[in-house]
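Engineer: For reference, the chains in residue letters:
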Amino acid sequence: MELKMYTVSLQTKLSPQFIDITDDVDAFVKISEIDKGNAVVFSPHTTTAIIINENDSKLLQDFADVLEHLVPKKQNYNHNTSEYEGNGHSHCRQILLGSSETVLIEDGKLCLGAWQRIFFVELDSPRDRKIIIQIMGNKNL
Amino acid sequence: MELKMYTVSLQTKLSPQFIDITDDVDAFVKISEIDKGNAVVFSPHTTTAIIINENDSKLLQDFADVLEHLVPKKQNYNHNTSEYEGNGHSHCRQILLGSSETVLIEDGKLCLGAWQRIFFVELDSPRDRKIIIQIMGNKNL
Amino acid sequence: MELKMYTVSLQTKLSPQFIDITDDVDAFVKISEIDKGNAVVFSPHTTTAIIINENDSKLLQDFADVLEHLVPKKQNYNHNTSEYEGNGHSHCRQILLGSSETVLIEDGKLCLGAWQRIFFVELDSPRDRKIIIQIMGNKNL
Chain H
1002 MELKMYTVSL QTKLSPQFID ITDDVDAFVK ISEIDKGNAV VFSPHTTTAI IINENDSKLL
1062 QDFADVLEHL VPKKQNYNHN TSEYEGNGHS HCRQILLGSS ETVLIEDGKL CLGAWQRIFF
1122 VELDSPRDRK IIIQIMGNKN L
Chain A
1002 MELKMYTVSL QTKLSPQFID ITDDVDAFVK ISEIDKGNAV VFSPHTTTAI IINENDSKLL
1062 QDFADVLEHL VPKKQNYNHN TSEYEGNGHS HCRQILLGSS ETVLIEDGKL CLGAWQRIFF
1122 VELDSPRDRK IIIQIMGNKN L
Chain E
1002 MELKMYTVSL QTKLSPQFID ITDDVDAFVK ISEIDKGNAV VFSPHTTTAI IINENDSKLL
1062 QDFADVLEHL VPKKQNYNHN TSEYEGNGHS HCRQILLGSS ETVLIEDGKL CLGAWQRIFF
1122 VELDSPRDRK IIIQIMGNKN L
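Residue numbers (the numbering used here), protein chains in the order written: chain H, 1002 to 1142; chain A, 1002 to 1142; chain E, 1002 to 1142.
It should be emphasised that the hints constitute simulated quantities derived from the structure, not laboratory data. You may find that some hints are simply not true.
The list treats identical chains as interchangeable, and a pair is accepted whether it falls inside one copy or across any two copies.
[What the hints assert, rightly or not] Straight-line Cα separation of at most 30 Å, DSSO-like style, residue types lysine-lysine; simulated pairs: (1) Lys1005 - Lys1059; (2) Lys1031 - Lys1014; (3) Lys1131 - Lys1014; (4) Lys1074 - Lys1059.
Predicted model, so just to flag it, every value in this text is computed and none were measured.
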């Protein structure tokens, strides 16, 4: 059983922003030479998340609207009364979305459905971010 | 360390529909002969999800009501203006629920609490679906 | 590849209650002597969850408010008409938050961002609870 870890550094530009990182994860699976196993894609920040869904710009706008409806930006958050950046909504949205996704690997490829893409989601003001990807499994015998 | 993968094919009948797949996952754990490790249960679709909770039909109706309240079916979704199936709500609900759950295995059994059951959740119109289950861990020495 | 499992028993006192268990998970990583791999933190209950975010009491109050707004405690739940404890809201909140989080390990330490802490979340009336932690990976060669 092999275990490899990779880091992606990126700069976000918008909020919210949905960045399709499927090709990056896919490239690391190839580099790892792991044929069967899984990839854990982890966001090491408290105001960014990892999700899986379709890369349709209209849909991503819909989901941004859902987030604004469920956890409005302009609302009183206790967190915003501290010496913070007024990002109470970003933290609360992150908790709903989660910090990681696990994707299975078979025949050296991510087992994603036809429309599934992996996204890194910026929920806070844009900045330098990173993503950690762990690939674990077996090389073909 | 052993690694096994299994696929379940199923046809959904309702929307939303909560299908208890615990017995299937349990059966694969037995077949795998893995005594200690974990099972990743993955939904390879953009409008279905995996959750864990109690199998009580009243509760599942309550959660369907929560989904309708949080992300109403009849609402304007940009996604629905494309040549799509009017399933913007299905995608947005999926993102809130997530694509997989990881369940631990000890003594050849899933480490689930007394009331915990694993569900495949159809959030879109009924159709043919599949679930991928990966079991990783050690056989008893 | 090594695989270790640990259990934490705890008594919750409030509802909702966010209990920072990062130091416990960290201690198990050290005990396991696993340098590279991951820790799956699993909640074996249908009304408790695992989340990752910042340990700021104001923020945790904000998120408790978000939960109350999205899934109110005082509302009609079909689940509450059975011989149950009136905890329909607790179950529905659990499904939104999920049963586990996976955290990566490198150099014998959890790969958490500067502000990330792992929380066990009580969503029901306080009681005895447990958490299962699985650490999988390689010891330093």
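Engineer: Which of the stated hints cannot be reconciled with the structure, identified by number in ascending sequence?
Structural biologist: Hint 1 is the one this structure does not satisfy, whereas the remaining hints hold.
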